[in-house]
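*Asks:* Protein chains in written order, with my numbering: chain A, 1 to 267; chain B, 1001 to 1267; chain C, 2001 to 2267; chain D, 3001 to 3267; chain E, 4001 to 4267; chain F, 5001 to 5267.
Just so you know, these hints were derived from the structure itself, not from any lab.
Keep in mind the model is a prediction, meaning the values are calculated, not measured.
Among the clues, some could well be false.
What the hints assert, rightly or not - The calculated DSSO-like cross-link candidates involving lysine-lysine, where the alpha carbons are at most 27 Å apart (straight line), are:
(1) C:Lys2132 - E:Lys4132
(2) F:Lys5133 - E:Lys4161
(3) A:Lys210 - B:Lys1161
(4) A:Lys161 - C:Lys2210
(5) D:Lys3133 - B:Lys1210
(6) D:Lys3004 - B:Lys1004
(7) D:Lys3004 - F:Lys5133
Said to hold, decoys possible - Per the computed footprint, the stretches of chain C lying under chain A, defined by three or more beta-carbons under 8 Å from a beta-carbon of chain A, are:
(8) 2031-2037
(9) 2088-2098
(10) 2121-2129
A virtual CB, placed ideally from N, CA and C, is assigned to each residue, including glycine.
Protein chains: 6
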Amino acid sequence: MTAKDQYKVHKEPFYQQQTNEVTLYEAAYAARLPVMIKGPTGCGKSRFVEYMAWKLNKPLITVACNEDMTASDLVGRYVLEANGTRWLDGPLTTAARIGAICYLDEIVEARQDTTVVIHPLTDHRRTLPLDKKGELLEAHPDFQMVISYNPGYQNLMKDLKQSTKQRFTAFEFDYPDAQLETSIVAKETGTDEALAAKLVKIGTTARNLKGHGLDEGISTRLLVYAATLIKGGVEPRDACRMSLVRPITDDADIRDTLDHAIDAIFA
Amino acid sequence: MTAKDQYKVHKEPFYQQQTNEVTLYEAAYAARLPVMIKGPTGCGKSRFVEYMAWKLNKPLITVACNEDMTASDLVGRYVLEANGTRWLDGPLTTAARIGAICYLDEIVEARQDTTVVIHPLTDHRRTLPLDKKGELLEAHPDFQMVISYNPGYQNLMKDLKQSTKQRFTAFEFDYPDAQLETSIVAKETGTDEALAAKLVKIGTTARNLKGHGLDEGISTRLLVYAATLIKGGVEPRDACRMSLVRPITDDADIRDTLDHAIDAIFA
Amino acid sequence: MTAKDQYKVHKEPFYQQQTNEVTLYEAAYAARLPVMIKGPTGCGKSRFVEYMAWKLNKPLITVACNEDMTASDLVGRYVLEANGTRWLDGPLTTAARIGAICYLDEIVEARQDTTVVIHPLTDHRRTLPLDKKGELLEAHPDFQMVISYNPGYQNLMKDLKQSTKQRFTAFEFDYPDAQLETSIVAKETGTDEALAAKLVKIGTTARNLKGHGLDEGISTRLLVYAATLIKGGVEPRDACRMSLVRPITDDADIRDTLDHAIDAIFA
Amino acid sequence: MTAKDQYKVHKEPFYQQQTNEVTLYEAAYAARLPVMIKGPTGCGKSRFVEYMAWKLNKPLITVACNEDMTASDLVGRYVLEANGTRWLDGPLTTAARIGAICYLDEIVEARQDTTVVIHPLTDHRRTLPLDKKGELLEAHPDFQMVISYNPGYQNLMKDLKQSTKQRFTAFEFDYPDAQLETSIVAKETGTDEALAAKLVKIGTTARNLKGHGLDEGISTRLLVYAATLIKGGVEPRDACRMSLVRPITDDADIRDTLDHAIDAIFA
Amino acid sequence: MTAKDQYKVHKEPFYQQQTNEVTLYEAAYAARLPVMIKGPTGCGKSRFVEYMAWKLNKPLITVACNEDMTASDLVGRYVLEANGTRWLDGPLTTAARIGAICYLDEIVEARQDTTVVIHPLTDHRRTLPLDKKGELLEAHPDFQMVISYNPGYQNLMKDLKQSTKQRFTAFEFDYPDAQLETSIVAKETGTDEALAAKLVKIGTTARNLKGHGLDEGISTRLLVYAATLIKGGVEPRDACRMSLVRPITDDADIRDTLDHAIDAIFA
Amino acid sequence: MTAKDQYKVHKEPFYQQQTNEVTLYEAAYAARLPVMIKGPTGCGKSRFVEYMAWKLNKPLITVACNEDMTASDLVGRYVLEANGTRWLDGPLTTAARIGAICYLDEIVEARQDTTVVIHPLTDHRRTLPLDKKGELLEAHPDFQMVISYNPGYQNLMKDLKQSTKQRFTAFEFDYPDAQLETSIVAKETGTDEALAAKLVKIGTTARNLKGHGLDEGISTRLLVYAATLIKGGVEPRDACRMSLVRPITDDADIRDTLDHAIDAIFA
């Protein structure tokens, strides 16, 4: 299996288009413009990128960014072997070589300045200098850079630099509207639409509390968890408490408010 | 002995169900949903996970999280050997390979951003990218992710990110009620219920002081310590001072208050 | 291919002179004076350096600076090989050896004190002490040092030291004026001047918001992105939202203001 | 000599019981309960642990904790050898293997989160996961965990976590009362009781200044130093200034107060 | 070529004495007293040291200090080779061995406490303990320690410790007076004195703004840059803007003030 | 030459007793009590220790402490060699093995918690656990621990812990009185007493400014520098400015005050 095959998305991911984002992404990819996906936790950003990689039939290399990630983790390093050292490409370098879509998930988690290594890959140069190897890598024509970004997290300490932001076209995601979300929950879990609609209603209640004691609303993912547990035989109120409330808050008042909403809906 | 066997819980751990948490956990496991156990120190979170691993007959790999833990400590690293380097799986990777329950104890102790390495294992992907090895590991069908979390500790600097929280179903634990706790203390130490009840009464007194000079109440574990010492021949008041008071406070007033409570109960 | 050839700029980069900066740079290069290019994000600083390297027919070695960059990353280090260690020149050393223009992009990102390694290369000495190798390298007669610097970013924590600044002659760049920028956007993307002029108008609107809710205005690069997408068939308003607005702001008010400006211009 | 022998305390340490702490410790050891020794500097905490190890005839492994101590320093690490790497047990692991008392001296000096590695050794599990070696070590039946802790130092930044505290039974030590301390000083140095009593009187004076310009009182250890010097022929006032005053304060007023007390007592 | 020869200054550096500093330095060197050179950026501190090394015909080893510099970078370290490790002297050790003048440029940039490694070389001991090598190196009779120091930079966080300062004799440098500076600029660049005088006048204007919006005045070095560019055919006002103004300020008001001064002088 | 010989002080250091400190030190050494030398910069602390080592005919191992010093730098570490790793004793371990006086100069510079490694060597145990080597080293009977400490530097961030302080007897040093200091300066430099007295007078003036704009007074060492330069032919006022004023202050007022004092004394 070639590296290219290993990173192909072989099965169509479950994805429902919200507006015309698939067409717009295709246009951005056609010009190989870098893409930034903005949006709250669990609204489907990663799923969308995976879907696009499948649709475009390109390999996808995903990197979950974290604060300890160094430029070497992205670009590569020498590893020691029996006969001295061997250069090992990092995921960014691999993507640039084989022509993959390189997806840096939650990029603001990375040290702000580590992100500058992607700069020469995201302007007209499309090159990656491997300083430690003394190589100037020209990106494969199929290579594209994609990053995700949750504006809700940003603060003075952690934000993308303008010189990074201004290298990307951007998509702004949000939770799907009630009808679409109901359909997503029902289809993904195989439950009926009536149950899914009830869960989406709880989700809407919680999202209205965002900024009033909740940092984030309930994600579509958690609604899917609840539907899954109910389908597996758990009493709906138990399933909702365990999937929709306990994970997102430690505050007794918020918890009670949400528990009451659940009781009302599943009365 | 295979790795799987090494991590099996061979003896049934002592565990008394509080409500329907065992059934709910089984449902979460059946869908392989990630689980978060919330609750104060010493209320039995780790014991519960151990019990469930025993009941489900699955290997359990526990990692006590700490601030110095890096992503490599979880995922693995190259170690140098006579014939060059060899890859060594970390506990998270081992768990994903052999299909164990991977339990990250006190996860908020870990660097917040190190926790992002568990993300791809806790959504529909169920994969773990081993970037340094160039491998994309698909989790074994039996693999499940479990974390524990003490809401009492959280502060602005140390809390789980919403994008992590929203990947888990959650159980909220508390100290058992007096009757159940009495039974636990008596059964685990082999002391009579009358003595156990007295100790539980002291525990209740201390828990009421939480937030009024005490950071945490007396845990069930400490009650068990006191009972053990008394059973071993130590005078009850000495045993209580040494097990229930001295460990949890340096404050002279709080200490005296608790000492008086002990004297009153064992008068 | 020699190292010198590898770093030559083989194709003339697209560059339109703003005033007499090309002549002035040539004079600075003739005396081998170090050069600092100041200006906002995406105004063409890197492109200018690339153009000059092409025009002067000198190799160009670019280093994207970042906070984790150590002096060793610039100067070089010993790497372990089968027969012990081998010295590997860093990009700064390579440039000094082969007589390249060494361009440190976004130098203020580097640790302030790491930048002192360039001092002996930027005064009358034109030497680079390789302390770890015990070599005192005299720079090739063609070597020149160039740095870029975005004054908009500077703060108390991150600024160049005077002892560094006072080793450079400086060029101050800004966005090109409307007519020139229109011509740049049209020529670089092959779109007509009327469309380009509209995009430049949106750019001007955004730049007026700098300091009133926007950290930076829209760069020429983003205008080129929008023109590219429109040329690729995307509806102009979609292309502008995606290229000019979403990347640069998370603020709902600013976003709406810019969206309205787009609607007005493409009505 | 086996490792067990190497860590045995071969000579009875000089120790005078204060109340019933020896009996209580024996009861804690009999149940293998973890023990925490609290008390001010130099009051005999380490000596007590050493004495108990001698009395119980168990090996004792002492670790002086410090801020740079990592979990690996306690648990062990791979070291490079001629034929690749070899695992080297750390002191905690050695203690757990051979059944020693493991004494972590001044545990609050260690990074708070490093201390979590002792958790699985201090609850019902009595195991130590050697993640890097892929081994789950079960503690030897004789193994016991002991820590020391000086409440006077604690502050918001450095304190034991409740989840650590609640794993220990605790002993609270203080300076011995005047009569006992006189006897200790006299017996340990071979001086007469009259001289020892004078020194203890100076110690009492200083301890009353604690919190009024002195961080800590004069420890029994320093009284022993003074007696030793006097016995060696040094003039008592010189010996006291040098042993009891100069080490503990840089404040001129406090110094003069204590010097006058010394002059008065040795007038 | 011996190490000694490699570090000799082979060509007389251009240097014009300001007062009697050359004689005083010779006296300090005769007694091998350590020397500290204080003064603002670009006033000729490094040039003076180079000149003295040339005049005394001693090797000169210069180290540009930076925050990341460790004691090992100065003293030396073991490097790995085919047959194990080999000790590599650092520049300070080399200087002490061969009898060079060791010049630590901008010493306050180094970590304050790293500077303590020079202590035993700067008192009556004149030794350097190579702890890691187990060697106590006695300095060569010709060895001398020189440091430079810019008092304008100092703040509470970065200053030399008194115990370091009090090991040095000190020279206080400033910009040369107008007449001398005119002569320096003219002689070094081969321009006529009239032009040089005009440039010095601009320099004086800028130095008067120090503390009123400028951190540092224009250095002699920048005046030499301007003269060089003018000699190379650049229009004087362009040359001055580019050499004297743009490098030292980002402030629009200061920039305009200086630009007007230039226009007035070159009207 | 044995290690013991290498560290012997072979020539009697120049030292003039101030009171009875030599006798008191001998008594402390006879009982092997740890010694702390307190006092301002350059008052002769290190010289005293060197003198005592010479007088007692014991090897002396000096370690200049710094913030980057780790416990391993004191204790030792494994170094890589052709045939694997070899343990290399650090200076503290060497001193304990061969029975040297181990002198930690400016101990408060070391990380506070690194200093705990000396604890077991400074109480009744007189042992040093080499955890990484698995060895428990018993100190040689001749071994003694000495530290120096400048109370003038201490602040909230950097001070010795009481648990460290209370392991030492302490000597408090100050600048010698005028008569003794005059004699020291004259004898050490071979100048006449009249000149030395004048220099001491300047020193006294400066010491009175301590706390009124000066952090530290002029040390005896600097007075010796001035006398040395004058003896070498430098004009006294030049010698004093360069040795006594410029090194210790950057403040123009303080500088002028001291310069006037010099002019008055050498009028």
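*Asks:* So, for every hint listed, does it hold in this structure?
*Replies:* Structure-based check of all given hints:
Distance restraint check for C:Lys2132 and E:Lys4132: the Cα-Cα separation of roughly 17 Å lies within the 27 Å cut-off, and the hinted pair is therefore satisfied. Between F:Lys5133 and E:Lys4161, the direct Cα distance comes to roughly 36 Å. Violation of the 27 Å bound is thereby established for this hinted pair. Proximity of A:Lys210 to B:Lys1161 is assessed by CA-CA distance (about 15 Å); at most 27 Å being required, the pair is judged to hold. Between the alpha carbons of A:Lys161 and C:Lys2210 the distance comes to roughly 15 Å, so the proposed pair stays at or under 27 Å and holds.
Pair hint D:Lys3133 plus B:Lys1210 does not hold up; C-alpha atoms about 40 Å apart against a cutoff of 27 Å. At most 27 Å may separate the alpha-carbon atoms for a hinted pair to count; D:Lys3004 and B:Lys1004 exceed this at roughly 33 Å. Using a Cα cut-off of 27 Å, the hinted pair D:Lys3004 and F:Lys5133 holds, with the two alpha carbons roughly 16 Å apart. Proximity of the stretch 2031-2037 of chain C to chain A, defined as three or more residues with a beta carbon under 8 Å from a beta carbon of that chain, is not established by the 0 residues found.
Check on the stretch 2088-2098 of chain C: 5 of its residues sit with their Cβ under 8 Å from a Cβ of chain A, so the three-residue criterion for coverage holds. As drawn, the stretch 2121-2129 of chain C meets chain A at 0 residues by the rule of a beta-carbon pair under 8 Å; below three, the given contact is violated.
The structure fails hints 2, 5, 6, 8, 10 (numbered hints given earlier, in ascending order).
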